[in-house]
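A.B. asks: Turn these sequences into a full structure, and let the hints guide you.
These protein sequence lines map, in sequence, to chains L and A. In the working numbering, each residue's number is its place in the first sequence (first place is 1) plus 1305. In the working numbering, each residue's number is its place in the second sequence (first place is 1) plus 6.
To be clear, the hints were calculated from the coordinates, so they are not data collected in a lab. Incorrect hints may appear among the rest.
These stretches of chain A come out as covered by chain L in the derived footprint (C-beta under 8 Å, 3 or more residues) [said to hold, decoys possible]: (1) 135-143; (2) 157-163; (3) 166-172; (4) 195-205; (5) 212-225.
Note that CB positions come from ideal geometry on N, CA and C, so glycine has one too.
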Amino acid sequence: MSTFLSQQLIDGLAALTLLISFALLAQHRMLSVLHWFAAQGVLLAVTAALVAYSSGEHELYISAIMTFLLKGLLLPWMLWRVIRSLHVHREVEPLMNNGMTMMIAVVVTLFSFHVIQPIAVTSELMTRNSMAIATACVLLSMLMMITRKKAITQVIGFLAVENSLFFAAIGATNGMPLVVEIGIAFDVLVAALIFGLFFFQIRHTFDSMEVDAMNASLIHKDDEE
Amino acid sequence: MNFFIATLLTPLLGGVMLGFIRNPRLAAKLNILTSATTFSFSILLSLQVLGQESLETLDGWFYLDAYNVFLVALTAFVGMTTTIFSKPYMQHELDIGRLNEKRMRLYHSMYQLFQFGMLLGFTTNNIGVLWVSLELATLATVLLVSLYRTPASIAAAWKYFILCGMGIALALFGTILVFFTSFTVLGHGNEALTWSLLYAHAADLDPAVMGIAFCFLMVGYGTKVGLVPMHAWLPDAHGEGPTPVSAVLSGLLLNLALYALVRFKMLVDGSTHSDMAGHIMMGFGMISLLVAAMSLHKQRDIKRMFSFSSIEHMALMTFAFGIGTPLASFAALLHMTVHSLVKSGIFFTVGHAAQVMGTQRMAEIRGLIYHHPGMGWGLLIGTAAIAGFPPFGVFMSEFLLFTATLESYPWLTVPLLLGLLIAMGGLFRFVQPMVYGETASHAKPVHVNMVPVYVHFALALLLGLAIPDLLAHWYHQAAALIAGGGV
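C.D. replies: See the structure below:
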């Protein structure tokens, strides 16, 4: 494969990743959020494999396999199990003003390109555009966490941030060293396990998965006197 | 014998072992034993490092210099005294049914894993591993904050998890950005994340990238330091978790985050040759100081009140590191030490006081000095020490910081002093009635161990009266190292 072609492919995948970040933001059915999240994981693995092929960094193949297993299969499957057993898989989450959120998302994306502009021109890598796209994905995932009220979709937002960071690492730097990559994957896995534990505790204690219900238990401690 | 490996592995093995021990009394004793062993090794390690300038072990994966080895010793020391305090404290929580044996096991195991994460973070030479270990320490403490499984504690742990997870994700992004510029200089591999190599080549790193990276790192690690406006998790996590956890969060974990931030500041300074990073830190520090000092007045829960005091002190250190002169860095390092000692000592006292009174509400804690003189004096001395009264060490470090500010940014001494005074007023406003107020009738006798508290305060007093030569030499070395960042 020529470098030109692989660059075109990577750029295409970057665009798709950005598109999925928008899709995640716009979904209101729990299950479709999860589907898009899994798709993002698989897409990341493909991107990693492609970058590994075109750059000759063989360590990245291991990252790609790890990503596919962890973010494409394991995490979505765990989350699916959790929402099944909590009986929330059919739930529809009302979104605050979808049109407005999309407008903000567009502005955030433009802003990311603007911020990264000065450093993108200095990069010698062929994938320099991906830094801007990764920044946009990070910020969009954060926007998703802000606009969601349910604990589970917040966590998917959190994991989508991790995905975007991984994309930044492979897209802009051809991947972090393997040791660090493994450490990060381990932390994400442990975090996901703890999140799973928390879901049941939250359901058990608050009888709801709404974050507002949780915050209410802290409000009386807050400084209103 | 390699003291370094011993220091690092003891808490890891201890944590795994404690996961299997069902008897809480035995586990508490082994917990103390593990931490005491870690501390002994860390002292031997410090002496070894002190003999030479810096120490790289295990193929350069770990790097010890004057700056971090004293933090390793401090972490191991506070870690040890906290286990001594936690033995009767947690036993009481178990007796009154707030905890069960299964959760005690979780507590002891996670406590040691937290220690491991802390020590790994301080000693690693790889900025990626630094991130991983800080996340590890965070994950261990998330489970500890929700240990009581009350609605408020679960909500607090969730908030802690989400906010710090977010913050730490931004810090990872900053780390990726650093790698983005460093791998063009040092090659695509672990070398490009190795701090000592980065430091040596700081001038070659792209200043534009490092500038943007620092913004992400500042917000990211700043969340963990508890700087305003990313501080919302801190009072909840400190207020709702078990007291030994509040003590190590305040005394140790916040230090690690600030440590990471300062390490990056040294790199950024070397790359950009400007005061940009320092000014950002000073800004965050000053705002946090003022907001925390004022928020402190509005609290009703004793542990939350003291957690705002922690924000205030972390803000002071951030501000001091931001000024960046050797004097200011010296003050910040001294402040880090005494704050860790005094604040954890205060949390020990507060934990016992809350058990005696059966509540954390300050309005219901009264007359400690009459029914529990040891505790009353402990709280009074601790508050005097943390508020910055002479002759305690906090006075010393705040005085040095004040002098450093006067030298570099004279007009900033006004808000600095204002913040300190407001905070002091808040502390005494609440502590005075708790110590001297009319005796409450509902005080219960509780088995307490005040020895760790007095040891901590005595050390803080010692540091205020005369810093031992050895330690002063250490601080000087570290301050010169930090201030000299690539200039």
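A.B. asks: So, for every hint listed, does it hold in this structure?
C.D. replies: Hint by hint, here is what the structure shows:
no., hint, verdict
1, 135-143, "holds (count 5)"
2, 157-163, "holds (count 6)"
3, 166-172, "holds (count 4)"
4, 195-205, "holds (count 4)"
5, 212-225, "holds (count 4)"
Consistency note: the structure conflicts with none of the earlier hints.
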